[in-house]
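Student: Here the protein sequences line up with chains Z and B, keeping their order.
The first sequence lines up with residues 189 to 393 when you count with this note's numbering.
The second sequence lines up with residues 155 to 774 when you count with this note's numbering.
Don't take each hint at face value.
[Unchecked claim] Quick partial rundown of chain B residues pointing at chain Z, CB under 10 Å, derived from the structure:
(1) GLY159
(2) GLU160
(3) TYR412
(4) LEU416
(5) GLU417
(6) TYR471
(7) HIS474
(8) THR477
(9) ILE479
(10) LEU480
(11) ILE522
(12) LEU561
(13) PRO566
(14) ASN568
Worth flagging that the hints you see were computed from the coordinates, not collected in a lab.
Note that beta-carbon positions come from the ideal geometry of N, C-alpha and C, so glycine has one too.
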Amino acid sequence: MKPFNIYICGVGGQGVGLLSEILLRGADHAGLEAKAVDTHGLAQRGGIVVSHLRLGKNIYSPMVSARKADLVVALERHEAIRAVDSALQDKGSLIYFDTVLQPLGVRLGSDQEVSEDLLNTVCGRRGVTVHKVDNVNLADPRMQNIAILARINRKKLIPGVEKQHMLQALEDLMQDAMLERNLELFNRMVNNPKISRNQFNGSGS
Amino acid sequence: MKNMGEMLLRRPPFQEIVMGNTALVRAMIESGTRVVTSYPGSPTPEIATAIQSIPKEQRPFYFEFSTNEKVAAEVAFGAALNGHLSTVFFKSVGLNVAADTFVQLSLLNIVGGMVVILGDDPGANSSQNEQDNRHFAYLSYTPVFEPANPTEAYLYYKEAASLSRELGKVVILRLTTHVCHAKEKVTFAGWYPPEKDDRPRFSTANGPYIPLVSAVYPMKERALRQLSEIETWVEQRNMHTMVDNKSRRGIITSGLVYLSLLEVLEGIKDKPDVLKLAMVYPIPRRVILEFLQSHDEVKILEELDDELERSIKAMAYDQHISTRILGKNDINDWIGEYTPDKVHDIIANTWPDSIDTRDPVPHPLKEIPLRPPQMCPGCGHRSAFHAIGEVLAEDDITVADIGCHTLGYHEPYNLGELLICMGASTAIGSGLALFNNTRRVVAFLGDSTFFHAGLPGIINALFNNHNLTLIVMENGTTAMTGHQDNPATGRNFNDSSEAIPIRKVLEGLGIQTIFETDTYNQVELRTLVKKAVARDGFNVVIAKHPCMLLFAKKQRKAKGSISHHVHIDQEKCHNINACIQKFGCPSFVRNNDGTISVNNELCIGDGSCIQTCPTKAITR
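Kindly produce the complete structure, drawing on both the sequences and the hints.
Tutor: Set out below in C-alpha cells:
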C-alpha cells in the first residue's frame, strides 16, 4: 500500500490528541503499520493543535510533508482551511466539524472570520472533496471528535480501517461511562444515514 | 492504552503503541533505575505523566519534581553516589539552569550511573531558542546518544544506563521534540526485577569528589581517557547504522534527521549510502574514517549547528583524506527542524542531479487569520492584565517572565514587553530602573518560577535597593507544562507537603510593601498596583487566582459538564465592545451584524468579565 497521510488539527481543548490516538490504534488493529506525532507547543492555551498520522509500508518519518496529506481531519472551520492550504494535496479529502472558534484577530475586529463559502471556494479550486459534519446533537461539545470519527468510518475515508477497528481503539482508550457515552454517539452516527446529508463536493458541482 | 501503569510494569515481553516519552519510562524500569528527578518543561513532561500512571507504592523508583533543573541534577547525582542508577530529565534550556552542576559531573566517578535526558527543541516549538545542546557535551566531555524514534529512545536509554554504570560516568540521551512526542509500536523486553539493595554506598574511596587544585588535572584526564573507551564500547555493540546503496556518495547523519532522510531517499533512484550515528559525541572516529575513505563525496546532514562537520573535517585533515566533505551551505541550514521537506531541499541543493527540487509551496492564503495561543476562558491572568493595563502609563516598562502570563504581551494587553528566561524579570527590571526617574518599571513572575529562579533576583532587588514593582502572578500550579505542583501548592509529586506561602517568604525577606488580592477583584487590584508603583523602593503585589483550566477540568470531571455560562443582554448592550476588545476573553464572539455573543463551548461561567461591561449587559 502507498503511504496514506492524515493531518489532524483543531484548537487546544477540542480533543485532537485523543482523536489521533484512536485513529492510530484503529489503523494498528487493522494491521497497518502506523506512525504518528503530535505537535502541540502552547496548544492548551487556545492555540493550534496538529497531529500527523502516517499509515502503510516504507514510512520512516512520522511527519506529513507540506501538501502531501491524503486526508485532513479538522475539528474547526479556520483550522480546516488552514490545513487544506498548508497540508492537503490537490484532489485530497477534507472532513471537518463545522464549528467556529474565533481567532484573536477576528474577535478584535482586525480579521474577517472564515466563511463556509470561502472554505468551499478554496477547496473547489484545488479539487478537494469536502465532508462537513454539523447539526449533530451532542451532549458535550468535547464529543465532536467522536462525531467526526463516526463520519470518517461511514464514508470509509481511511482505506483498510473498518468500524470494528475503531471500536477496538475506543475500548483501548476509554472505560466505563466515558466509553459508553462515546460508543453510543459513534454507533448512532454510523448507523444513521440521514446525518450524512451535508456532504458537499467541492469540485465545482 | 487504558492502563498505562499496568503496561509499564508488565513482566513478559510485549508490544504497545507509545510515545517516546512513555517508552523511556519502561526503559528506566527494565534498567533498574532507582531515582528520577526533573523540572517540568516541554517536550519532556509526559515522562512524568507516564511515571504518575504507576501507583506510588508500585513504582520501582523514586521520582520528584525538584524546584529547578540544577537542583534536580544535584538530587540525581547525590543518589547515584550512593550507588543508585539515577536519571534527570528536562527541556533544552533547562540545561542552562543545571549547567553549573552539570559541567562537573563528567569529571566524577558516579558509581551508580547517571543518565541525563535532554528534550532539545529544534524548531523552537515551545522554547525561547533552539539551542544545540551537543555543545555542552564538548564543553564537559559527556557522551551523547541520539535516538531517532520511540523504539530507539527505549533501546538507547538502556544502553546509556549500562554504559553509565560500567564507567561510573554521566551519559546524555538527547531527544528532540518530535522524538519525545512520536508514537509507534515498540517491542519491549520482559522485566525481571532483581532484588533491591539500597544500602547507601557513598565512599570517598570512589573519589576524588573534591575538585580542588591537585585533583583537577587527574579528574580531567580520566574524563578525556574515557572518551576513546566509550567510542569502542558503542562500536562493539554495532549501534551505528550503515545503509549500503553501493554509491560513491555518502551521507552522515543522526537522530530524527535520519528518518527525514530515509523519507526523502524513497524518491531517489541513485541513492547515496548513509551512516547513521547512534552516538554523536565522542564521534566514532574509526567508523567515520572508513566511511570517508570509501566515498568520493560525503555530506554531513546535521540539524542546528555544525558540530559533526567541524570534527569530521578536522579529522579528515589530520588523516590526509581527500574525500570531498560537504557541510552546511548557508544560514538556513543552521535554522529550524530538519523535517523531510527541509532535508529534501538540502539534498536537492547539495546534489542537484540526484533529486528534483520540490514544487514551491504557495504562501499561506492571506484570508486565513492567525491563531496565536492565548489565556484560557476565566484565566486570572487576563483579569490581572486588564486591571493593571488601566493604571500603568503608556511608557512604563513591563518585563515578562516564563509562564502562561507571558501571553500578556499579545493584543489587547501588550503587557510584559520583554522576556529572556525563567526568573529573570525582577533583575532585568532592576537594571531598567537605573538612571530612570520617569518611566516606572513593573516585572511579572509566576509562582513556580518564583521558587525556580525568581528568588535571587528578588533578594538582589532588596539587597541593592532597586526601584521597581514586582507583580507575582500566582495561580497555584505550574500551568504551562500541565499543572505540576510547586512548593506553594502544599503537595509534591508523591505526597502532601507543607506549603511554602509566597507571601510569607516575601515577608521573611523584609519587604515592606506587599499587597495581595484576587485578580477577579479588579477594583482592588487597580488600587493596589497604583499604590505600589507610586512608592519608591521594591514593592510587591501578589495577584492571585487559581488556574481556571484546572478548575474547569475538575468541574467537568465532577459534574460531567460546565454548569453555567454568562450571556449578553442585547437590550442593555451598547456595543462598546469592552468585553471582546479590551478584556478579550476568547469566549466572546463577534457576529456578522456587529453584535457580541458568548460561545458556550468555551465559556466556563466564571463571570470575571461581568465587571468589565460599562452598561452591565453581561449576566450570569
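Student: Against this structure, judge whether each hint is valid.
Tutor: Tested hints:
1. GLY159: violated (14 Å)
2. GLU160: The hint is violated - GLU160/B has no Cβ within 10 Å of chain Z, the shortest such distance being about 13 Å.
3. TYR412: holds (8 Å)
4. LEU416: holds (4 Å)
5. GLU417: holds (4 Å)
6. TYR471: violated (33 Å)
7. HIS474: violated (36 Å)
8. THR477: With a minimum Cβ separation of about 26 Å from chain Z (threshold 10 Å), the hint on THR477/B is violated.
9. ILE479: Check failed: Cβ of ILE479/B comes no nearer than 25 Å to chain Z, outside 10 Å.
10. LEU480: With a closest approach of 22 Å, the LEU480/B hint is violated.
11. ILE522: Interface hint status for ILE522/B: holds (5 Å vs cutoff 10 Å).
12. LEU561: Result: holds, 6 Å to nearest chain Z Cβ.
13. PRO566: This hint holds: PRO566/B lies near chain Z, its Cβ roughly 6 Å from the closest one there, short of 10 Å.
14. ASN568: The hint is violated - ASN568/B has no Cβ within 10 Å of chain Z, the shortest such distance being about 12 Å.
Of the numbered hints given earlier, the model fails hints 1, 2, 6, 7, 8, 9, 10 and 14; all others are met.
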